[in-house]
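4 protein chains.
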Amino acid sequence: MSKIPVAILGATGMVGQRLIQGLADHPWFSIGALCASERSAGQRYGQACVWRLPGEPPPGVQDMQVHASDPGALGELRVALSAMPSSAARAVEAEFRASGYAVVSNASAYREDPSVPLVIPEVNAHHLGLINRQPGQGYIVTNPNCCAIPLALALAPLHRAFGVEALCVSTWQAVSGAGYPGESAWDMVGNVHPHPGDEEEKLAIEPQRLLGSMDAPAAFTVSARCVRVATADGHLISVQVRTEKPCTPNQALEAWRGFDSGLELPSLPKPLFHLLERRDRPQPRLDIDRGRGMAVSLGRVQVCPVMGLKFYALAHNTVRGAAGAAISNLELLQSQGLLPSV
Amino acid sequence: MSKIPVAILGATGMVGQRLIQGLADHPWFSIGALCASERSAGQRYGQACVWRLPGEPPPGVQDMQVHASDPGALGELRVALSAMPSSAARAVEAEFRASGYAVVSNASAYREDPSVPLVIPEVNAHHLGLINRQPGQGYIVTNPNCCAIPLALALAPLHRAFGVEALCVSTWQAVSGAGYPGESAWDMVGNVHPHPGDEEEKLAIEPQRLLGSMDAPAAFTVSARCVRVATADGHLISVQVRTEKPCTPNQALEAWRGFDSGLELPSLPKPLFHLLERRDRPQPRLDIDRGRGMAVSLGRVQVCPVMGLKFYALAHNTVRGAAGAAISNLELLQSQGLLPSV
Amino acid sequence: MSKIPVAILGATGMVGQRLIQGLADHPWFSIGALCASERSAGQRYGQACVWRLPGEPPPGVQDMQVHASDPGALGELRVALSAMPSSAARAVEAEFRASGYAVVSNASAYREDPSVPLVIPEVNAHHLGLINRQPGQGYIVTNPNCCAIPLALALAPLHRAFGVEALCVSTWQAVSGAGYPGESAWDMVGNVHPHPGDEEEKLAIEPQRLLGSMDAPAAFTVSARCVRVATADGHLISVQVRTEKPCTPNQALEAWRGFDSGLELPSLPKPLFHLLERRDRPQPRLDIDRGRGMAVSLGRVQVCPVMGLKFYALAHNTVRGAAGAAISNLELLQSQGLLPSV
Amino acid sequence: MSKIPVAILGATGMVGQRLIQGLADHPWFSIGALCASERSAGQRYGQACVWRLPGEPPPGVQDMQVHASDPGALGELRVALSAMPSSAARAVEAEFRASGYAVVSNASAYREDPSVPLVIPEVNAHHLGLINRQPGQGYIVTNPNCCAIPLALALAPLHRAFGVEALCVSTWQAVSGAGYPGESAWDMVGNVHPHPGDEEEKLAIEPQRLLGSMDAPAAFTVSARCVRVATADGHLISVQVRTEKPCTPNQALEAWRGFDSGLELPSLPKPLFHLLERRDRPQPRLDIDRGRGMAVSLGRVQVCPVMGLKFYALAHNTVRGAAGAAISNLELLQSQGLLPSV
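Chains as they are written, first to last, in our numbering: chain Z, 566 to 907; chain E, 566 to 907; chain C, 566 to 907; chain U, 566 to 907.
Chain Z on its own, in the form it takes in the complex (with noise of 0.2 Å):
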């Protein structure tokens, strides 16, 4: 069976490049355009953009050549994975829906469009039902925030089980989270650096829309301290949650183990959750690649004398944060049939 061609908006940024990563050995889908500014179309991508990740790009992509963000360019496609920056993504995404794309994106453009489902697979892929709001052919889904997407996951199970009422939340976040050049090394070698952009506001409105219904968020309440740190990749977060039902670490560690998705999807990890036991544990450096990159690290599970619970969490911000978040909504469009046919 051939594998669907998708074009990748905002290809040469760090979590573009992730994109590439991810689609390189894709067993569903392949590269089928890259796509960036105005400024590097026409070029080879190895011209456009300096490959930033560890090791080598995949095979051939470094001779493939960049185009304008323009769907009228690209031929037969029919699917866009877009990592574009959220200011210009707005415009571009709009128009490749408007010529029919299934757009999954990492953008934040249109996160809080009420049509345009914020998904993660395994905690609300029903959410997928809102493309039918949207006009014509084309559809934009998006993933949330990289913070979000492991404490959603995190939290899917408790709210379940135990019905989530209030959090408070610390980051220990990495400086590829806000892409390149992103933080400047002045401002993070032997320091730390309060509020990274608008993470503290993202984290308080994405989970609920996560946990909640299509048409209302769940009803808790989020209240987030989100501080970059000289770590390249992995975002740790300190959770202190409290549940309408009780909740003792135990029961936690009980829901996550047997957390099922019940979703065979080819990015998505078995298992999801790595229950850490060492009190040192979950660290970025260590940690973050356990399910290649889509795993979710839990450890130090305790009682929170204030708030009921409280756990750390980690992933890594551009694969499960990023690129892998938006791989995965893709690969669930397709198992359900919503990807358009060209």
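Treat the hints with care, since some could be wrong.
Same chains, same label: a pair holds when it works inside one copy or across any pair of copies.
In silico SDA-like pairs for lysine to any residue, Cα to Cα no more than 20 Å straight-line [what the hints assert, rightly or not]: (1) K568 / N697; (2) K568 / G620; (3) K835 / P619; (4) K835 / P623; (5) K810 / Q630; (6) K835 / G620; (7) K835 / P622.
Rather than coming from a laboratory, the hints here were simulated on the basis of the structure. What you are looking at is a predicted structure, and each value in this text was computed from that prediction instead of being measured.
The hints should help you fit chains E, C and U onto chain Z, whose structure is shown.
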């Protein structure tokens, strides 16, 4: 007027070196003796240890002789500052006390002893009355853990005005907090290390003692997450606090601006609180030296949708959080005429 | 005696901020005007830029008005310190010179101009004679690259006594050397970055100019490897040097100890050279502030089996290597009566 | 065909863990026994030590029993890989040899013994002949220091074609090179640490042995500067080399491209040399895993005005520079029929 000579216990360690710096040009005190382990006793200080702080040790220190931690060998001294490791501190500090010494300690050995004051001058100077419950002429006075100090300082005016009920606390702690050699570089390079020692446990009890009466700790609850990050000095702390009476960010700022301990001690900074307005401050590398390392930087004071109020606090962990804490307690004792005379 | 007011060009950048610090309490000079790009002109300094150095800007600076880099708009000033980016410096510095200004610059724009002195006061003050070859009343004086300064300082006494023939140089350079935002944190976290800009090329020509006569550079050869590492401030330099007359480590130490520039300028430290004896020194974080950032730390002076002599040098790259270099040149000009009078 | 069981000495340390990884799925060898200090003997491996490498230990390892480093207790084994600290290695490795073991060691204890081969398979496999000069059935084979390995590999083809005369070498070395706990985080955060151990001394003698004959080291001179930087893994090395016959950058590149050791061993990568073209490569975090950690990355090959030729080399210090070095020597011995049979 001649200065009071002080013995420094644990003089070769990270905090011991900060004590030496702090006494180098002190208007009231001088270094009377440097004490360390048996292994170092008899050596010149410059032989016994490597100076690990930026710059040079104060003039003359390298040539001072190191003594064993034995009150009998120190002649007429009656005052000691202790930066000993807690395991060794238990026996040694008791012995100095039994010899009539005022032992002003940064070690945790006696912090939980109900007859030993746990004091921050601006917070609970009146707890010094506890020394009367100790046997004999000598006594031990301690200061809290390096995170508990900025936390209790920041909370003190809020507790008085609004009544603290509960706290969620997260930390981004510097490696100097683990002493030397402390954390392995392998654990910290491009990484963060959750759970540095037993800080979470200390943060769960020390703030209540500080903000309570001599006989009864304050009744609030603390849930802390302590994580070591790759900074040299300076602990950043996120505080999410619930108060009995509602406290708005403006009321909190007003409380901090209006706070006056009434104390005039050489090491205490004016102002105590540096209220930073930029949303990415305080930052360890930029803000730790405010008030010669004795000020507390506060920032991002906001409504917390879960707890009511949230903010960041930052202080220099081996100055305000350790050596400077002990020295300010020593100054407090002297200002109250509580130091033993020779 | 009233202080001479000085315009600071490029006042909002990393080196510009160091210039402001350097003039804040200067005995001879005051800040006459702060100049920056058109975009910033008309704003208060505190609006136009973020203060990125540790601690607070000097009192009053945040409220000073920022001017465009236009000599016509600055009134009676006749002296400028420039920390402009080199691309912009070419036209602006020429314009200030044409208006009769003494322009004392840290930019590289005119460093290779044979009529523009490239000066370190202790090394080649006599090169100031070149200003007579510049047209009109004004002139430009430059200082070398941040690595060339400690290198030339360390070599100066050796060159006089032994004659430098060739050098192999390697650097461990701090991120502040790239300005702000400078290096991306992604490139520096848990990483090193070879080839920071065109430093290797500058190191291949500037030391010879400094150690030569006004008309002829010294004849030695330099091969440099420049690598950025994850330090905030302070360039560590390894020097392996071949001299005409053999130079033993002891002879080198004697030469450095005996070196006396004969200059008494406010910013120049005494001693200039800090000769460190421990085999793991100098270290950036511990040794950069020696001599208020203006001293050069030297260590590990040994026989080099290939070149003859080897040692490490360290200096603060944005103080001794940039802002302090320009300020000491300004002091030198004033001490020689070479500044234009209003 | 059944795999040859191998005892791992020093199995709990940083390099010991890399040895375990390296043997986990090895086509020729299996883990026959894990040995460590008396203190650990009798415990499960998972109790005796903390796994400190990214990800999980290979399946089953955590439950293996740890043995004392005593050949009498290991039954029928006859092959040992040693990652012991050098101080302990001297006696233990001799004892295993006396018991008839082939001891393939990463320790430095016997590296300077003229009857003990110091070998890199691609460089000087013929030195294995030295084992005949050792007494009894057993023997010891060593690999060089972690910096000497990429250095000698890079020099091997140049030495053959052009004759190496002298080298100036500088390093930017990772903290894993010091083992665990190794360097203190206080020394490495926002800092660099000159002189890591005795690497400079080792680099002054090991390359000559590697590139010489069994009986006579090569005659060139090495002057090394070794500095630890805040990277986790990967030693970057700057090489400035003088050759008897001139060697241009193109000739060097040609020599590396044309190099073929003729060996087909499971751990040896093809190609051995990754020739990187970007001027800011190789970089530790991006390039260490090339060739599964066994390749050497080379870059910035240029004319050196002082020495003739210069370039950067990078290799993974605990894989190619330690555990992988020993394993490839073990493979080499097996491929030559030199391992003792049980």
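Sort out which numbered hints this structure fails and list those numbers smallest first. 1, 2 and 5
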